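Undergrad: The residues making up each chain are set out below.
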Amino acid sequence: MTAIASRAPREVSLARARHLKRLPYYVATAAIAVVFLYPMVWTLISSFSPQPGTNQTAGWGIGNYLTLQRYQDGIVQYFLNSLLETGICVVLTLVVSLFGGYAFARFSFPGKRILFGATLAILMVPYASLLIPLYVLLNRVSLGNSLIGVALVLTMLQLPFSIFMMRNAFESIPPELDEAAEIDGCNSFTLLFRVLLPAVKPGMITVGLFAFLAAWNDFLAPLILLNDSTKATLPLAVANLRGQVQGVVDYGATEAGVVVLALPCVALFLILQRHYVRGFLSGAFKG
Amino acid sequence: MTTSTVPQAVRPMMRRRRRQKAAVGWLYAAPMTLIVVGLFVLPLLLVLQMSASNWPLFGGNQGVNFPQNFVRAVSSPRFVPAIVFTVQYTVIATVLLLLLGLGLALLVQESSRWKGFLRTAILVPSALGLASASLLFYVLYSPLVGPFAGLTNSLGIDLLGTPVSALWSTVFLIVWRFSGFYMLLMLVGLQGVPEELYEAARTDGATSWQIFRGVTLPLLRPTLALTSVLAITGSLLAFDQFYILTKGGPDNSTLTVVQLIYNSAFQGQNDLGVAGALSVIVLIALVIINAIQLKAFRAPDEE
Numbered sequence: 001m002t003a004i005a006s007r008a009p010r011e012v013s014l015a016r017a018r019h020l021k022r023l024p025y026y027v028a029t030a031a032i033a034v035v036f037l038y039p040m041v042w043t044l045i046s047s048f049s050p051q052p053g054t055n056q057t058a059g060w061g062i063g064n065y066l067t068l069q070r071y072q073d074g075i076v077q078y079f080l081n082s083l084l085e086t087g088i089c090v091v092l093t094l095v096v097s098l099f100g101g102y103a104f105a106r107f108s109f110p111g112k113r114i115l116f117g118a119t120l121a122i123l124m125v126p127y128a129s130l131l132i133p134l135y136v137l138l139n140r141v142s143l144g145n146s147l148i149g150v151a152l153v154l155t156m157l158q159l160p161f162s163i164f165m166m167r168n169a170f171e172s173i174p175p176e177l178d179e180a181a182e183i184d185g186c187n188s189f190t191l192l193f194r195v196l197l198p199a200v201k202p203g204m205i206t207v208g209l210f211a212f213l214a215a216w217n218d219f220l221a222p223l224i225l226l227n228d229s230t231k232a233t234l235p236l237a238v239a240n241l242r243g244q245v246q247g248v249v250d251y252g253a254t255e256a257g258v259v260v261l262a263l264p265c266v267a268l269f270l271i272l273q274r275h276y277v278r279g280f281l282s283g284a285f286k287g
Numbered sequence: 288m289t290t291s292t293v294p295q296a297v298r299p300m301m302r303r304r305r306r307q308k309a310a311v312g313w314l315y316a317a318p319m320t321l322i323v324v325g326l327f328v329l330p331l332l333l334v335l336q337m338s339a340s341n342w343p344l345f346g347g348n349q350g351v352n353f354p355q356n357f358v359r360a361v362s363s364p365r366f367v368p369a370i371v372f373t374v375q376y377t378v379i380a381t382v383l384l385l386l387l388g389l390g391l392a393l394l395v396q397e398s399s400r401w402k403g404f405l406r407t408a409i410l411v412p413s414a415l416g417l418a419s420a421s422l423l424f425y426v427l428y429s430p431l432v433g434p435f436a437g438l439t440n441s442l443g444i445d446l447l448g449t450p451v452s453a454l455w456s457t458v459f460l461i462v463w464r465f466s467g468f469y470m471l472l473m474l475v476g477l478q479g480v481p482e483e484l485y486e487a488a489r490t491d492g493a494t495s496w497q498i499f500r501g502v503t504l505p506l507l508r509p510t511l512a513l514t515s516v517l518a519i520t521g522s523l524l525a526f527d528q529f530y531i532l533t534k535g536g537p538d539n540s541t542l543t544v545v546q547l548i549y550n551s552a553f554q555g556q557n558d559l560g561v562a563g564a565l566s567v568i569v570l571i572a573l574v575i576i577n578a579i580q581l582k583a584f585r586a587p588d589e590e
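Sequence lines, in order, name chains C and B. Numbering of the first sequence is given in my numbering, commencing with residue 1 and proceeding in unit increments. Numbering of the second sequence is given in my numbering, commencing with residue 288 and proceeding in unit increments.
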């Protein structure tokens, strides 16, 4: 009894001493966390706080968000534009990379290596170099100045990553599964949707998440491809709004705009963090 | 005996099946082929044609004028300063991102609750778009409402006001936004180093610095190759952050090459031919740089 009673406090104090010794470590790492979190927290708080020169001068409230709604077509319109552009891009990316990944992992066809090489070459070509000819080409097929055109371009930019991911996802499924399903009378289509789709679902979530983040946040493609301010996406609208009022920047409205822009991304990231990290771990980026 | 006769009988059938399977494969690859050809290969060919044509933004193709666009692009007074600035920015950003990415990865490598929290905190900014992050820091750096306005004003610093401060303010934004991403890539690389190697080095009495130099770094070579290609390519093509934070200013001191392309095409000049010529120059430069890098990182492995 006495032995146990005397040992326990010593262990506690030892643990405490070990923690104390690591105090500088905790202080330093906490400081790092603050550096990364502070700008976002500060922006969130100050978008509601009173500030001179904004629509929220006295007391706390949503004045800055009301400014956003009054700006040109209103933040809701821009939010919907972004949602449409992002939605088309995510759906297209998922469908195209599901079929493409399946084709690359399970079929051999002439031109397969060239197609794969061309897809990866998208990574090597400067994005800006493509947007200027794309501006001309999309105008020719009357997809210029349209959110669909922008979504198509963004889908193309997602292809190297998503095709690579989905090919790997399909390749990690043992081919015996296909053979068994074929003996049971599955054709390649039913095999894909009934048997393989559930197995590649984690890959699809990662591909979808990356497509969402890329499309939602893209700035250069809408900037170049859209002329019409009613069609502007959120990043474009918030960036334009800064200099609108006689050259005086409304910082409060900009903060509110950043919050509207960032909130869906941060929320989605925190919910799907595991998939985000797994996207990297699953080898998509291994040399 | 039977093994030699059976394939003979089956071969035409197998060939037909194989051809059928190839056709089905093509069918599944068709949507992506359409996108790759229509939105990547065609524009790539068009930009080549553009760079050799007289092509005003609103006038369309006015015929060939082969070397003129390139001559005009190269002789522009903005051309050399833009390249110098872009390269300078690329070197700073790449060195910092790789060092911080690796440092942070080593810091949060083992799993514990605190390190998990740290990892998330460092990663959250990478969920933000570059444009959103730039807008966020535009407010943060403001001498009027920024949280450090009092401090910077009393020190007489304008965070975006001088060429040097504008460069470093942008670098800080980029480091803040991308460190987590590079940390994650480094973590993936560190995972690939077998635990036995560390144990063997430790039993041989190696210090942790020796282990890092002798075991970790050499095995991290492929990861370092990938991360440096990504960082260099990304930084050479920098646009959003400078467009939003500095608009290329003050006095065009932070004008990057991609901003120059954008300006020649859509601001004032409206000359798609010159913009195309600049695009082709950037394209060629990038392909060469990437090739050199991949070779530099691969060579020692083959010795």
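Watch out, some of these pointers could steer you wrong.
[What the hints assert, rightly or not] Chain C side only, calculated, beta carbon under 10 angstroms to chain B, not exhaustive:
(1) Val34
(2) Phe48
(3) Thr57
(4) Gly61
(5) Tyr65
(6) Phe79
(7) Pro110
(8) Ser129
(9) Asn145
It is worth saying that the hints were derived from the structure and are not from the lab. All figures in this text were calculated on a predicted structure; none of them were measured in a lab. The beta-carbon is built from N, C-alpha and C at its ideal position, and this holds for glycine as well.
Undergrad: In ascending order, which of the hints set out earlier in this document are inconsistent with the structure?
TA: Structure breaks hints 2, 3, 4, 5, 6, 9.
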